[in-house]
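Each protein sequence line maps, in turn, to chains A and B. Per the numbering used here, residue 751 is the first one in the first sequence, and the count goes up by one each step. Per the numbering used here, residue 751 is the first one in the second sequence, and the count goes up by one each step.
Since the list gives no way to pick one copy over another, a pair counts as held whenever it fits inside one copy or between any two copies.
Calculated cross-link-like contacts (lysine to any residue; reagent style SDA-like; alpha-carbon spacing at most 20 angstroms):
#1 K875 x E864
#2 K875 x E918
#3 K875 x S953
#4 K827 x E852
#5 K874 x M945
#6 K949 x H921
#7 K949 x E933
In case anyone wonders, no lab produced these hints; they're calculated from the structure.
There are 2 protein chains.
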Amino acid sequence: MSETREKTLFTPSLKRRGLLLVVSGPSGSGKGTVLSNLFERRSDLFYSVSATTRLPRPGEIDGREYYFLTQQEFESKINDGGMLEHACYCGNYYGTPRSAVEEQCDNGIDVILEIEVQGAMQVKKAWPDCVTVFIAPPSPQELERRLRGRGTESDEIIKNRLDTAMHEISHATEYDYIVVNDEVEESASKINCIMAAEKCRASRL
Amino acid sequence: MSETREKTLFTPSLKRRGLLLVVSGPSGSGKGTVLSNLFERRSDLFYSVSATTRLPRPGEIDGREYYFLTQQEFESKINDGGMLEHACYCGNYYGTPRSAVEEQCDNGIDVILEIEVQGAMQVKKAWPDCVTVFIAPPSPQELERRLRGRGTESDEIIKNRLDTAMHEISHATEYDYIVVNDEVEESASKINCIMAAEKCRASRL
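So here's chain A without its partners, still in its complex pose (with noise of 0.2 angstroms):
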């Protein structure tokens, strides 16, 4: 046994897959910034684009807002488990393609998913190695003050809103890691740590 261990971390694999990181956070987490800051820091990372069967609104390209597919043709790929995610809204389904994923950890490339909780714990059951990381703001008080920053909203917006984000926010601890983004670059790069580590775990090696 211990022979096959030897070999075994000595011995790495060609290629080293790439990691899937799957990032989650409500409205008024910061999570769109944090991830704009991890996107500038590292330009080797692959943003998993949705797949989606509503149309296409002006200006959207198919491939970089979303592959926009038939109804028919996104049923077939739930039917053939090539969605590792996927949900209806308003009639319409969303959902991950999982070919585009594999392709890019196969060649050795972080991808990184955002999406929603439930979309999120779909995903670690299909791709049990995948890493799920929440972004959650910092305070209850803070997420209003957030939430109520953008806009001049009702306060039953506002209150709905902050329903929302507590709802998710309760689930939280399903996930691998809790980042608590108090600080755009530093919660940035706790998530770039998380990945460093992720590929020293011995699991994984």
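Dock chain B against chain A, hints included.
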């Protein structure tokens, strides 16, 4: 349940607990150089000093090289659960006192414990929250080069060292993380990342 979770996430403990990082690596892994580099970056780290019953050598100071204990003191600590691990070499005890590690961690200070494989596994049992890191040489060839490079020892001595190192390496997969030490700066940076990432683990929050 979700309310408790929100509360937990949003109520950081008054003082975050320090991390206990247990580091092993065979002779020739470059562990010493990597740790020196890490301590240069992180002056806030605490290096855990071992206890021993052997007599101090000229120049050695109690609490710096070792805590020097009598056999009775050492055995009473073992019996009281005051040692995270211990072993006997050449008729003397060597071990890691729990109290110093506990005090630093309670004060939010991260502790580095440099220790061989058997001791590391004992610590993991006594302190399940600890993070174990194995520093490995990049290849058996490089390991041999490093071990030979040290002096003009006979082939037999080199062979013995190599066997010992390979035996230790066969335990690498029992650690949480393996850092293959190709380059010192990079390895120290990885260990630093491992600590940052571990502090974001949902299971610690």
